[in-house]
Amino acid sequence: MAGRLVFNFVVFPGLLFTLTMGILASWVVRKVSALVQWRVGPPLLQPVYDVVKLFGKENIIPKESMEWSYILVPLMGPAGLLLASIILIKANYPGVSFIGDIIVVLYLLVLPAFSLILGGMSSGNVLSTIGSTRELRLMLSYEMPLLLAVTTAIVKTNGVFKLTEFTLRPLVTSISGVFVFLVALLCIQAELKFIPFDTPEAETEIMGGPLIEYSGPLLALFKISHLMALLVLPLFLVTVFLGGFSTGWGALWGALKYVLVLVAIILIKNTNPRLRSDQALHFFWYGVAPIALFSLILAILGNYLGLAWL
Amino acid sequence: MNWRTWGITKSPWLYHVNTGSCNNCDIEIVDCLAPKFDVERFGIKLVGSPRHADVLTVTGPVTRKSKPRFERILEASSKPFIVAAVGTCACSKGIFHDAYNCIGPVRKIVNETSDDLMVINIPGCPPRPEAIIEGLETGLAQLKEVNRPRTKVRGL
Chain F
1 MAGRLVFNFV
11 VFPGLLFTLT
21 MGILASWVVR
31 KVSALVQWRV
41 GPPLLQPVYD
51 VVKLFGKENI
61 IPKESMEWSY
71 ILVPLMGPAG
81 LLLASIILIK
91 ANYPGVSFIG
101 DIIVVLYLLV
111 LPAFSLILGG
121 MSSGNVLSTI
131 GSTRELRLML
141 SYEMPLLLAV
151 TTAIVKTNGV
161 FKLTEFTLRP
171 LVTSISGVFV
181 FLVALLCIQA
191 ELKFIPFDTP
201 EAETEIMGGP
211 LIEYSGPLLA
221 LFKISHLMAL
231 LVLPLFLVTV
241 FLGGFSTGWG
251 ALWGALKYVL
261 VLVAIILIKN
271 TNPRLRSDQA
281 LHFFWYGVAP
291 IALFSLILAI
301 LGNYLGLAWL
Chain B
1001 MNWRTWGITK
1011 SPWLYHVNTG
1021 SCNNCDIEIV
1031 DCLAPKFDVE
1041 RFGIKLVGSP
1051 RHADVLTVTG
1061 PVTRKSKPRF
1071 ERILEASSKP
1081 FIVAAVGTCA
1091 CSKGIFHDAY
1101 NCIGPVRKIV
1111 NETSDDLMVI
1121 NIPGCPPRPE
1131 AIIEGLETGL
1141 AQLKEVNRPR
1151 TKVRGL
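Note that the protein sequences, when read in sequence, are chains F and B.
Each residue of the first sequence is one higher than the one before, starting from 1 at the first, in the numbering used here.
Each residue of the second sequence is one higher than the one before, starting from 1001 at the first, in the numbering used here.
Calculated from the structure, these hints are not laboratory results.
Values in this document were obtained by computation on a predicted structure and should not be read as measured data.
Just to be clear, a hint being listed does not mean it is correct.
[Said to hold, decoys possible] Quick list of in silico lysine-lysine cross-link-like pairs, DSBU-like style, CA-CA up to 35 Å:
(1) F/223 - B/1010
(2) B/1065 - B/1079
(3) F/90 - F/162
(4) B/1093 - B/1036
(5) F/269 - B/1010
(6) B/1079 - B/1144
(7) B/1079 - F/269
(8) F/223 - B/1144
[As the list claims (entries may be wrong)] Short derived list, chain F residues pointing at chain B, Cβ under 8 Å:
(9) 40
(10) 52
(11) 56
(12) 208
(13) 219
The beta carbon of each residue, even a glycine, is placed where N, CA and C say it ideally should be.
So here's chain F without its partners, still in its complex pose:
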């Protein structure tokens, strides 16, 4: 039992699997971006080189920083994403889940953003503090549409708070499901801090934002957190909105759905300019949230009238 638990955490749905898939996903992001710009792009193992190099570098703790939070906060992101990844994959493949796991996953997905905010705040640098406040503002803007979208998904399953329930019937087979999927796709874009929502890490304005003071192994932990997020967040979309994956041919079909979501994110990233903080807030609250609210009402109506396609 204990051995199985360790295997789950360290090897299959856990650390090793998530990291490997995250590295592949990160390479896909960089390679597709390169192809869009008519370049060759980096070699397959480039994300590994980056992380290995960072682990070999000097670890500087700045004079003005709050030492303990500066050191401990980078661990939050990988830890939260690891747990979220295990819950998501377990809900899909052996079909194990518990009541309320969707809420647990939503909370765990907030942790990487929080680790960035706290890390930036404790570095004692002006630019990192600006980056942290921007990150906080971005979180404020994308969390509401995302929660509305997930609420719609819960309404569609007649109020069952279980991930296995979402995978039974793909949500995008209904009208409200299509709208809500697009809303959630944009929220995931912001959660990954990809262009057009990369104000917190805007390299041309605030030089990497909250990460500006981090160096060496601590920076590598943030990079690992981003690698894992590249697997976990699209997987969250696939599980909740696109019907997840199963064994055999289902695994291949699930992988295809995952790659489609990833490529959609990359193409949005490569064809848009950066939005200002206030523009992003305006976009999410007045542009995206009403669509999510509309589809929530549509879903409730569909439940009331007994129309599954609404």
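Got chain F sorted already, so can you dock chain B onto it with the hints?
Structure of chain B alone, referenced to chain F:
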């Protein structure tokens, strides 16, 4: 070559320092990062903070005013890293050889600060992007083994 050196040769991240250059070499460095030359093939990336940097690309003859700033950047960067002097001014002060306000070249200032830092000279006025890429690659190939850097508590 141990794994630390190998890591740096595989993903050198650039940080760009201007010590009073005329902007010609700076533009050429930015050119070098454009899609045409595709330096991401070698893992080269421009970063915004000296804390993340593996290569400091320095342009300009070090002026009297920029020397303290340059020394602070050298102090703030996380070791191991190398310095690449880009352009004739950075390599040998060029036409500013006898100028009263230039106290370069870069190699001299770096050696004053620490003696174990590697300095690559990439001459040219300005050097072509191909020359910058070739200089970085040949320089990184000669990087000596680096020891385990110690955690610098309460750095600059």
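> Is it true that the CA of residue 1079 of chain B sits at most 35 Å from the CA of residue 1144 of chain B?
Replying inline: Holds: residue 1079 of chain B and residue 1144 of chain B sit about 13 Å apart, inside 35 Å.
> Regarding the pair residue 269 of chain F and residue 1010 of chain B, is the alpha-carbon distance no greater than 35 Å?
Replying inline: 26 Å, holds
>> Hint residue 40 of chain F vs chain B: min CB-CB distance below 8 Å?
In response: 5 Å, holds
>> Quick check on the hint: residue 208 of chain F CB to chain B CB, less than 8 Å?
In response: 5 Å, holds
> When the nearest CB of chain B is found for residue 56 of chain F, is that gap smaller than 8 Å?
Replying inline: 4 Å, holds
> Are the Cα atoms of residue 1065 of chain B and residue 1079 of chain B separated by 35 Å or less?
Replying inline: 25 Å, holds
>> For a C-alpha distance cap of 35 Å, please report whether residue 1079 of chain B and residue 269 of chain F respect it.
In response: 33 Å, holds
> Taking only the CA atoms, is the gap from residue 90 of chain F to residue 162 of chain F under or equal to 35 Å?
Replying inline: Holds. Residue 90 of chain F to residue 162 of chain F sits at ~12 Å (cutoff 35 Å).
>> Quick check on residue 219 of chain F please, does its C-beta sit within 8 Å of some C-beta on chain B?
In response: 6 Å, holds
> Should the interface hint for residue 52 of chain F be scored as holding, given a Cβ-Cβ cut-off of 8 Å against chain B?
Replying inline: 5 Å, holds
>> Just to be careful, I want the Cα atoms of residue 1093 of chain B and residue 1036 of chain B compared with a cutoff of 35 Å; is the pair within it?
In response: 30 Å, holds
>> Need the status of pair residue 223 of chain F, residue 1144 of chain B: alpha-carbon distance at most 35 Å?
In response: Roughly 27 Å separates the two Cα atoms, so the pair holds.
Of the hints listed earlier, there is not a single one the structure fails to meet.
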